[in-house]
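**Q** Quick note, the sequences are listed as chains A and B, same order. If you use the working numbering, the first sequence corresponds to residues 1 to 403, in order. If you use the working numbering, the second sequence corresponds to residues 1 to 403, in order.
Derived from the structure by calculation, the hints contain no laboratory data. Treat the hints with care, as some may be off.
One copy or two, it doesn't matter: identical chains are merged, so the pair holds either way.
Within a straight-line C-alpha distance of at most 27 Å, the following computed DSSO-like cross-link-like pairs (lysine-lysine) qualify [said to hold, decoys possible]:
id: 1; residue 1: K363; residue 2: K75
id: 2; residue 1: K295; residue 2: K260
id: 3; residue 1: K251; residue 2: K208
id: 4; residue 1: K355; residue 2: K133
id: 5; residue 1: K355; residue 2: K96
id: 6; residue 1: K208; residue 2: K271
id: 7; residue 1: K295; residue 2: K111
id: 8; residue 1: K208; residue 2: K3
id: 9; residue 1: K271; residue 2: K371
id: 10; residue 1: K111; residue 2: K146
id: 11; residue 1: K133; residue 2: K110
id: 12; residue 1: K208; residue 2: K168
id: 13; residue 1: K260; residue 2: K288
Number of protein chains: 2
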Amino acid sequence: MFKLFPVKGGLENVQGFFCGATNVGMRTKPSGTNEVEIAGDVAFIRSATPCDIAAVFTTNVFRAAPLRHFQKYPKDFQTDFVLINAKNANAMTGEKGIEDIDTLFASLAKKINVLNPVMSSTGVIGYRLPIDKITSAFETLDFNAKNSDQTAKAIMTTDSFKKELAYKVELEDGGSFHIAAICKGAGMINPAMATMLCFIITDADIPKSDMAELLQASTEDSFNRISVDGDTSTNDTVMLLANKQSGHYHKEAFEEALRKIMFELAMLILKDGEGANKLVAFEVTGAKNQEEAKKASRALSNSLLVKTALFGEDPNWGRIASTIGASGVVCDERTLTIHYDDLLIYSDEHRELDKEREEKAYKIMKQESFKISCDLGQGEGSYTSYGCDLSYEYVKINAEYRT
Amino acid sequence: MFKLFPVKGGLENVQGFFCGATNVGMRTKPSGTNEVEIAGDVAFIRSATPCDIAAVFTTNVFRAAPLRHFQKYPKDFQTDFVLINAKNANAMTGEKGIEDIDTLFASLAKKINVLNPVMSSTGVIGYRLPIDKITSAFETLDFNAKNSDQTAKAIMTTDSFKKELAYKVELEDGGSFHIAAICKGAGMINPAMATMLCFIITDADIPKSDMAELLQASTEDSFNRISVDGDTSTNDTVMLLANKQSGHYHKEAFEEALRKIMFELAMLILKDGEGANKLVAFEVTGAKNQEEAKKASRALSNSLLVKTALFGEDPNWGRIASTIGASGVVCDERTLTIHYDDLLIYSDEHRELDKEREEKAYKIMKQESFKISCDLGQGEGSYTSYGCDLSYEYVKINAEYRT
Numbered sequence: 001m002f003k004l005f006p007v008k009g010g011l012e013n014v015q016g017f018f019c020g021a022t023n024v025g026m027r028t029k030p031s032g033t034n035e036v037e038i039a040g041d042v043a044f045i046r047s048a049t050p051c052d053i054a055a056v057f058t059t060n061v062f063r064a065a066p067l068r069h070f071q072k073y074p075k076d077f078q079t080d081f082v083l084i085n086a087k088n089a090n091a092m093t094g095e096k097g098i099e100d101i102d103t104l105f106a107s108l109a110k111k112i113n114v115l116n117p118v119m120s121s122t123g124v125i126g127y128r129l130p131i132d133k134i135t136s137a138f139e140t141l142d143f144n145a146k147n148s149d150q151t152a153k154a155i156m157t158t159d160s161f162k163k164e165l166a167y168k169v170e171l172e173d174g175g176s177f178h179i180a181a182i183c184k185g186a187g188m189i190n191p192a193m194a195t196m197l198c199f200i201i202t203d204a205d206i207p208k209s210d211m212a213e214l215l216q217a218s219t220e221d222s223f224n225r226i227s228v229d230g231d232t233s234t235n236d237t238v239m240l241l242a243n244k245q246s247g248h249y250h251k252e253a254f255e256e257a258l259r260k261i262m263f264e265l266a267m268l269i270l271k272d273g274e275g276a277n278k279l280v281a282f283e284v285t286g287a288k289n290q291e292e293a294k295k296a297s298r299a300l301s302n303s304l305l306v307k308t309a310l311f312g313e314d315p316n317w318g319r320i321a322s323t324i325g326a327s328g329v330v331c332d333e334r335t336l337t338i339h340y341d342d343l344l345i346y347s348d349e350h351r352e353l354d355k356e357r358e359e360k361a362y363k364i365m366k367q368e369s370f371k372i373s374c375d376l377g378q379g380e381g382s383y384t385s386y387g388c389d390l391s392y393e394y395v396k397i398n399a400e401y402r403t
Numbered sequence: 001m002f003k004l005f006p007v008k009g010g011l012e013n014v015q016g017f018f019c020g021a022t023n024v025g026m027r028t029k030p031s032g033t034n035e036v037e038i039a040g041d042v043a044f045i046r047s048a049t050p051c052d053i054a055a056v057f058t059t060n061v062f063r064a065a066p067l068r069h070f071q072k073y074p075k076d077f078q079t080d081f082v083l084i085n086a087k088n089a090n091a092m093t094g095e096k097g098i099e100d101i102d103t104l105f106a107s108l109a110k111k112i113n114v115l116n117p118v119m120s121s122t123g124v125i126g127y128r129l130p131i132d133k134i135t136s137a138f139e140t141l142d143f144n145a146k147n148s149d150q151t152a153k154a155i156m157t158t159d160s161f162k163k164e165l166a167y168k169v170e171l172e173d174g175g176s177f178h179i180a181a182i183c184k185g186a187g188m189i190n191p192a193m194a195t196m197l198c199f200i201i202t203d204a205d206i207p208k209s210d211m212a213e214l215l216q217a218s219t220e221d222s223f224n225r226i227s228v229d230g231d232t233s234t235n236d237t238v239m240l241l242a243n244k245q246s247g248h249y250h251k252e253a254f255e256e257a258l259r260k261i262m263f264e265l266a267m268l269i270l271k272d273g274e275g276a277n278k279l280v281a282f283e284v285t286g287a288k289n290q291e292e293a294k295k296a297s298r299a300l301s302n303s304l305l306v307k308t309a310l311f312g313e314d315p316n317w318g319r320i321a322s323t324i325g326a327s328g329v330v331c332d333e334r335t336l337t338i339h340y341d342d343l344l345i346y347s348d349e350h351r352e353l354d355k356e357r358e359e360k361a362y363k364i365m366k367q368e369s370f371k372i373s374c375d376l377g378q379g380e381g382s383y384t385s386y387g388c389d390l391s392y393e394y395v396k397i398n399a400e401y402r403t
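Pulled out of the complex, with its shape left as it was, chain A reads as follows:
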């Protein structure tokens, strides 16, 4: 048996890791919060000793330069340094974008000994990195800092709050280890892990072989289940770094901690969905199979009409039904039932909302988070995805993002 509990702060809890950020003026105008301005635009995470690393990247075919740079290392490479910048995605920059990363790392090597450094970028697509600005960061960064707060803030783009979490795992034999993570992401999140960066570090003595397996499975059940606007970016990255320094490990315990931390971060991203105010779970059960449940559930979390109805707090189940009907899954209006939380909204016997149920439905929809459950009555397949509402604010943020 083991115990798992949250601890204060973030990355600084994990033995042997350092992190920090600085500001080199890449954020050309206030991006909403002064906090971010001060926290900076170039950040790093490093370990005193070499780490094994596992990563999940975007499915977008235009993978950004840092992702392609990462993939040039041999399969089982170890690293001790991650360099991160905001405001420029280094995407669609061709071979030159990859060369720019090598140039940066050559300068970095003059300041600190690094092993196979990797990079991660977020921001606007199509512009070369400002090499001189980023290089200037190496003069001011304190490579022995343990400033998780600053690091989490420096990677924000349209995020309205920083996202960091840490857990301690205590094992039965008295041993313990830590796992901590920071991530960024607000808009453009999709069931394909879009415009998000997530860095997870641990001092657990995890075997390399477990890392990719557990990271992939947890990604599937966390970041791949959320949707803000259905788009998929060129830079999405989830990284897990393990320096093994605690000397302790327990697979089930690690898996539970990893799943918890990733699911909670995914919910934070959704909560911070650009202009979003509500977090809704779309549970589909009774589908012909799991693939169909997933299809229907994702159709709901991605539908503009559903999202605007959530924003309007309108218990219009017609949009829910219509979206399921359009999703291409096997269903029948006679076997379908729809619940909002525990309230029956639609079934073959109850098609029109009476005043009483309508009042109850309004109350449910006024909550910050609730569940919409649809049972298709066709089989055993089930899937839950998570979405948010679409507000005026979303349009404003995205109409004005670049300029």
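We have chain A already, so just place chain B on it with the hints.
**A** This is chain B only, laid out in the frame that chain A set:
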């Protein structure tokens, strides 16, 4: 050879057809325009003689009652009457929804002789039709009216203007025929023909066998190429009625007229996209095959990030590239080129927008309509779909629609 020219007005141009509308108070509160209030909520189109009929319906599995009622007639049935109502979709109403239509037609038959009448409804999902109100319309409707303007207005829901068009075709042998149409549709339009009703009538002496073939092909190249918000409704219907009264027909001429009228109506729907201000053609060429071109083109016209960038008039080609990259088609950033109208925006050689091209791009994006062309450089496949921007207004309309 033949001549094709637009004529004033709408349905009244076609020999032997009658149409009109009345107001029975189904519109419970002002829906924006007083015009619509006055024009009414129950409308009809009828022919003095039996018509052949062809129809294309939604792909949503929850087909509304009027569509299922239509499909109960034998395959080659003729009709002379279409009853249309706004404000209530008669969808997700089960078998009772179909019985309600029979009840209405029984009342109608007491007022006027009708042959296999069909119905078409649009509005909110999940409520039974108000039988008494609709029946009361039969007392006030003038079945010998030729009021296309009133009919086109009565079928509007969130439309901000009525949509009607008419063409006259003159044949070389001196014969001529007319084709005219009305349609409604604004939000919820998708490459799957969503929330739109379109009624096309003609006095051309078209053989029944040509009707379904030409209607299907023209739907594919018109309503199926537009996207407002990617949703697909329970009620979409495109109907073609032919009473043959002109005694003239010419297949190529009819096809050209039908394609023209349907494409123009599709563009009107897009122009009236809820809260939309811009009409954009997304042309994809050089795809591996046509299927891939279609996939990429539709990904663009459906992307929230592309739509909000259009609204913000931001020449952010990164969102275009990223959306193509996420669409799952074969492409490579070295072979991709992007143009806005005739302006080169991205190619392997021109990745960053210089000031001059950026200024030009801004000017193009300020237009009411323009073209975004993406050549994938992978093959011969091409496809164009049409989309619009996403504004604050869209969110407002859809948050408030039902209540």
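**Q** Check each numbered hint from earlier against the structure, then list the numbers of those it violates in ascending order.
**A** Violated: hints 1, 6, 7, 13.
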